[in-house]
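There are 4 protein chains.
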Amino acid sequence: MKIAFIGLGNMGLPMAQNLARAGFAVAGFDLAAGQMDALAAVGGERADSAAAAVAGSDVVITMLPASRHVESTYLGEGGVLDYAAPGTLFIDCSTIAPDAARKVEAAAAARGFAMIDAPVSGGTGGAQAGTLTFMVGGAAADLDRARPLLEKMGRNIFHAGGSGAGQTVKVCNNMLLGILMAGTAEALRLGMANGMAPTVLSEIMAKSSGRNWVLEVYNPCPGVMDSAPSSRGYRGGFGVDLMLKDLGLAVENALSVGASVPVGALVRNLYDLHSKAGNGGLDFGSIFNLLGANSNSNAHA
Amino acid sequence: MKIAFIGLGNMGLPMAQNLARAGFAVAGFDLAAGQMDALAAVGGERADSAAAAVAGSDVVITMLPASRHVESTYLGEGGVLDYAAPGTLFIDCSTIAPDAARKVEAAAAARGFAMIDAPVSGGTGGAQAGTLTFMVGGAAADLDRARPLLEKMGRNIFHAGGSGAGQTVKVCNNMLLGILMAGTAEALRLGMANGMAPTVLSEIMAKSSGRNWVLEVYNPCPGVMDSAPSSRGYRGGFGVDLMLKDLGLAVENALSVGASVPVGALVRNLYDLHSKAGNGGLDFGSIFNLLGANSNSNAHA
Amino acid sequence: MKIAFIGLGNMGLPMAQNLARAGFAVAGFDLAAGQMDALAAVGGERADSAAAAVAGSDVVITMLPASRHVESTYLGEGGVLDYAAPGTLFIDCSTIAPDAARKVEAAAAARGFAMIDAPVSGGTGGAQAGTLTFMVGGAAADLDRARPLLEKMGRNIFHAGGSGAGQTVKVCNNMLLGILMAGTAEALRLGMANGMAPTVLSEIMAKSSGRNWVLEVYNPCPGVMDSAPSSRGYRGGFGVDLMLKDLGLAVENALSVGASVPVGALVRNLYDLHSKAGNGGLDFGSIFNLLGANSNSNAHA
Amino acid sequence: MKIAFIGLGNMGLPMAQNLARAGFAVAGFDLAAGQMDALAAVGGERADSAAAAVAGSDVVITMLPASRHVESTYLGEGGVLDYAAPGTLFIDCSTIAPDAARKVEAAAAARGFAMIDAPVSGGTGGAQAGTLTFMVGGAAADLDRARPLLEKMGRNIFHAGGSGAGQTVKVCNNMLLGILMAGTAEALRLGMANGMAPTVLSEIMAKSSGRNWVLEVYNPCPGVMDSAPSSRGYRGGFGVDLMLKDLGLAVENALSVGASVPVGALVRNLYDLHSKAGNGGLDFGSIFNLLGANSNSNAHA
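Chains as they are written, first to last, in my numbering: chain A, 1 to 301; chain B, 302 to 602; chain C, 603 to 903; chain D, 904 to 1204.
The hints are simulated quantities; they were obtained by calculation from the structure and are not laboratory data.
Glycine is no exception: its CB is placed at the ideal position from the N, C-alpha and C atoms.
Among these hints, one or two may not hold up.
What the hints assert, rightly or not - Straight-line distance between alpha carbons at most 20 angstroms, and here's what the computed EDC-like set of lysine to aspartate or glutamate pairs gives: (1) B:Lys404 <-> D:Glu974; (2) D:Lys1110 <-> C:Glu753; (3) B:Lys303 <-> B:Asp383; (4) B:Lys453 <-> B:Glu346; (5) C:Lys809 <-> D:Glu1119; (6) A:Lys207 <-> B:Glu517; (7) C:Lys604 <-> C:Asp684; (8) B:Lys508 <-> A:Glu151; (9) D:Lys905 <-> D:Asp961; (10) A:Lys103 <-> A:Glu151; (11) D:Lys1006 <-> B:Glu452; (12) C:Lys604 <-> C:Asp639; (13) B:Lys303 <-> B:Asp349; (14) D:Lys905 <-> D:Asp1045; (15) B:Lys508 <-> A:Glu216; (16) C:Lys705 <-> A:Glu71; (17) A:Lys152 <-> A:Asp58; (18) D:Lys905 <-> D:Glu948; (19) D:Lys1110 <-> C:Glu818; (20) A:Lys103 <-> C:Glu673; (21) D:Lys905 <-> D:Glu1054; (22) B:Lys404 <-> B:Glu372; (23) C:Lys878 <-> C:Asp843; (24) C:Lys809 <-> D:Glu1054; (25) A:Lys152 <-> A:Glu71; (26) A:Lys207 <-> B:Glu452.
What the hints assert, rightly or not - A few chain D positions that, by computed beta-carbon distances, are all more than 10 angstroms from chain B: (27) Ala955; (28) Ser1163; (29) Arg1171.
Take the sequences, apply the hints, and build the full model.
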């Protein structure tokens, strides 16, 4: 089976490498030549263009930054839809707007192609280790075709529903994650301003109805959890600007489908202010810092 | 050991009954005579006044609606501090402002009394079954004296720290719970407006980084979880107005100690609007309804 | 001068009628035949299609509900750009996204056409009376060509800047208006909950630093201002769903250009909840009702 | 007539000086001796204590930082109520919680004293120039007694209603002012991110339904209005921490009386974050800076 892999960035490259290492024929394309070299180093092929990668492939995988890149790659003149052979399966692993996913998949279907949306979670660490989680939208039969490839790149594969459902789950889950993080940071700050030790407070809440993923594995208060980015200066982890992008997708999607997300919108705006203050590259747990010092000096009478 | 129990409401009565059934001598006082009768029916005593209950007791337990009741019961003229015998231990199980708890405990200490704050979670069901969770602030030695009693009323006992720490943990945890609920409701609404089945979406998020107590045991979307109040018309459970009270304590406490809780404040206001629309008596998962129908009709172009 | 007027709705019809009454040759097109009859009744012409209206016109005016209608009317196959004669001036009076305005105007320019965006304020009353305000984006020379027509439909004409600037001003102003309304309603509710008469409070704030357009001409509390929609059951005026549309454009535009509008986003969400509760057709001052009764019953201890 | 003036800070000193210059006998007390010297320099007297100032005075005026100072000054042992002669009129010009004002005035009334709350706006400039605005709560007859004094210190005197109404109007107006400022800053940022000149945008909105006090006299964008603090580095003017105090009073009061102020609460939290980032001493228009640079770099795809 021949695979075209378009988009060899921080996520795409290790994913494509895992496929190549597993023995698949992978033709990669990226605007950065160095990324293609790194793929070739583990047995992949360099392609001169997206079109060249696509030509003669059985499966096309795309991993691109945003909706507009996916749209232009598939729908633009000389795009994937123009060059793919009949019967090709498209797998878009980018995180994009559900609307955009549905639009591209409808265009693919109109030309007779099968396509699934398969955004991931797990970060660059998961991409390298092959332990990503895939959230998949599309027909079950198409997911079955994709499964042998996805299993080389990830560990959990959820079938969320029809076209766009993978993106929808991603956007819902990550909006909720942003809310969990901001809410947990506020609860910890509130306790600390009352003089409580964050470790004790975290332990009790993790056993109570405040329990959530952030308290369990990603505590935003430095020193509470050695393995969390907060304990190493908020370096590594999942960046503020990536969370901001996902929250922006959620708010935009909510406007588009008429859903109400007042809390999600506020959390997006807090991340926006935090990013504009120069913290876009820190781990998203650093929202803890936006809430400021624990001093009592701002208390009013 | 003789116990005075002041405040025999929906929570206080079953707690006092559990102590009486366990063989303790419990003198109860409440403004409602019927509640005292119910205590007497399981072996407790009726007291004519708070003062009468307190006189000659080794331990005084209070379970009252709000800060002002606790303050007047302990600090008012002819209050508990005036009638208690030297060496009496005070246990306040009410949910009140951390500031108020610290104030009353300081007044008790100034008169030579030991006092702990021990608010509970678990609701009326937990009170009846004797499975409450206690979050305790105060000296370890005083908690040790209280423990044999608390163990008849509850299952988990957390020592949170010094005076007021029990109230602080309660307020932090419940603010976070309110945020988890509102955030989960929004994520479900967003997915559903995109056409997703809430059950599938809930399952995937519960295994992903959106995981939290609400998704695990208290899903706010009707039909997803049979055991949740949402599946029985939001009846029973933890009421909107109780959550609103706890979120009000959190916002008030944040103002008092200079902490920043923008998300908690918004969620309080959403519960406030929900209550004002006439939903104060429903389970707090009904915030799902505030977010409205899943129709697409409000989508703009 | 021959004018094509596309979109004869509640706003477009009276605008086109004012042009016809002023002696211009106006060929109108709308999907609703009755609207074209109403134009014909004052001397206009019925056109069989947008294309037929456009053919041979010197100026094309469009007044359509949303971005997608404007895009398809101008850019679609067989759209305005395909049928207009060289030298035609396009005036889009619709309220749409600044991005969409810039896109359509760029496409028009690429085909050699001049175009301005000229959204209005003043409502159906202003459209009928010919007293609208126009906020215009585009070249000054093109505005000069349009001015004799705009002056028959409105009273104030602001030149905001280049392409899209009319839409930008409209979106900024109306977001601010939504904030003024919500903020004024909150201030009045807060005073009333303290026992103050809303009339006295309004008078003092209108002379103080709380002064704003809402306090001056559009008080949302029933009975304070006879001329305001609040004093006639929130009927007439500027509807909740129209404000919701404009706030949606603001939030969407902010996402697109990277601006931060946390307060605007919250106000949009309050209008969204208000609309979902069934109030979309009331005047936007009815947000006063979302804030609920003045009772003290929700106060916590 | 003999006047006791307690609290000679940045506001109180120039107010007391204006009374002394107008020929009234003013005995001033403040913890800072230098402030009393400054009063003596224009003909006032130094008092050794609040009690000494109060003894034998016809009118007592207080100008203190917060509720707790007013409560202890009037209600504490050896406080004003203990030393004032029968028939003394109390005028509290401090900005404090309406609840606190009502409490102190009820205590004064119970001892047979007349009292009005008379908070001011106009800042230190208005205090020096004698052009303050007074918002007065209390009986009309008591205001009439106070009027000759107030007229030496201010220009506008509003009678808001009964006891506490002056504080209520102050809190409502200043919450609304905070909302106007944040909303105007957002609207300007949104326009600028679309490439608009802030001066043009401000001019058009000031003539449209976005019109408000901030656009008229206090534009937060540097360079738009020479007389505004924004055009001199946000120095002078009304400080962030003072606005934060007033917004805190509004949120606290809303909790107390059961009013809903979701927008006011968000704006308070934005000022709180802005203060915690180190900007507490700047003019409150600097919230414009919290919204960050106008770059497009945070826009998502």
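Report task. Please flag the earlier hints that this structure goes against, numbers listed from lowest up. Result -> 10, 11, 25, 28 and 29
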